[in-house]
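J.: Working from the sequences, and respecting the hints, build out all of it.
Line by line, the protein sequences are chains A and B. If you're matching positions, the first sequence starts at 1 in our numbering and goes up one per residue. If you're matching positions, the second sequence starts at 1 in our numbering and goes up one per residue.
Keep in mind that the hints are not guaranteed to be accurate.
[Said to hold, decoys possible] Computed footprint of chain A on chain B; a stretch qualifies when at least three of its residues, placed anywhere within it, have a C-beta under 8 Å from a C-beta of chain A: (1) 10-17; (2) 23-32; (3) 122-129.
Since the hints were made in silico from the structure, they are not lab data. Ideal Cβ positions, reconstructed from N, Cα and C, are used throughout, including at glycine.
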Amino acid sequence: MNRSVLVALRLALGVLFLWAAITKLPDMNAFAQDVANYRVLPAALVPYVAAAVVGIEMVAGLALLIGVVVKPAAVTATGLLSVFVVFLVQALLRGIDLRCGCFGGDEPASWWTVARDLVMLAAAIVVTTQSGSSKLRAALQE
Amino acid sequence: MATPLQAALLCVLGAALGIAGNRLTPRPAPLGARVLPSAEQPGAICEDPRASVARISVEAAKPLCIACTAVFVDARSAQEYAAGHVTGALHIAPGEPVEPLLASLRAAPTVIVYDRDRQCASANAVAADLLGRGLRDVRVLTGSWPDWLAQGGPGESGTCALCTGAKP
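T.: Right under this line is the structure:
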């Protein structure tokens with residue numbers, strides 16, 4: 001794959017993850033509520049998971065953006081996005097009407113949200129797999 | 001170091017950072033407390049402090065429905081609408097075109113939007129869209145369809161005669 005495309009994917013993922021974390025920081029209480037509304041996690045675990053997700057988004061986003069530990073950060077992003085997709089799909093299939101909680105604000109969860117996450121997931125998988133190549137590792141860590 | 005181990009360490013580091021930094025945020029997540037889904041919280045029905053659209057209770061909305069001084073908009077799916085909705089309600093799900101219904105909506109002094117869930121996310125989205133199109137008095141029904149039914153609000157079933165598009 002073209003080296004500049006890979007760098008662009010890495011930077012885009014980094015910016016999106018950082019942006020997702022930053023937009024949640026002003027109202028972590030609301031994000032915890034958004035997490036609870038997916039009706040998957042035990043109520044006692046919800047605030048810890050909400051806080052942890054924001055921290056992981058921030059660390060993974062920073063790593064991807066500045067180009068350090070790129071492959072582990074891309075693996076983390078892949079894992080997070082897979083979980084987001086599973087949470088969204090189960091909520092939509094169960095007919096739960098909720099905010100997605102993706103970038104703060106009031107955006108409702110929808111199949112468009114799933115599609116957007118799947119695009120990001122594909123990008124994360126590409127960065128994960130391609131960053132294993134020694135030829136491309138240097139490019140990804142530029 | 002193997003990539004999975006590094007990724008796991010990254011997650012642990014991020015999680016620790018998030019949990020430790022949570023209390024420094026303006027409105028921290030309530031660590032140590034149980035956070036229930038909105039629909040299960042008594043007294044929290046559709047009462048979102050961040051909501052940008054005005055609210056109206058079922059008690060206040062019922063007389064407006066009976067007197068036909070407000071237009072109701074159902075923001076649920078077409079199937080749910082067909083199965084039962086507020087009498088005379090139009091159907092607009094989030095993202096669906098509203099232009100064909102704008103004239104009917106503008107003719108009413110008040111537009112009341114509701115959905116299926118007590119978090120009102122779909123109703124919020126539709127109401128915000130209508131406000132963005134210049135409608136002045138648009139409100140979201142607290143309690144949504146379940147409370148409307150429970151409190152004996154007028155209802156009917158069938159498809160939306162005025163609505164256009166891919167409705168059953």
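J.: Compare the structure with each hint and give your call.
T.: The hints, checked one at a time:
no., hint, in the structure
1, 10-17, "holds (count 7)"
2, 23-32, "holds (count 8)"
3, 122-129, "holds (count 4)"
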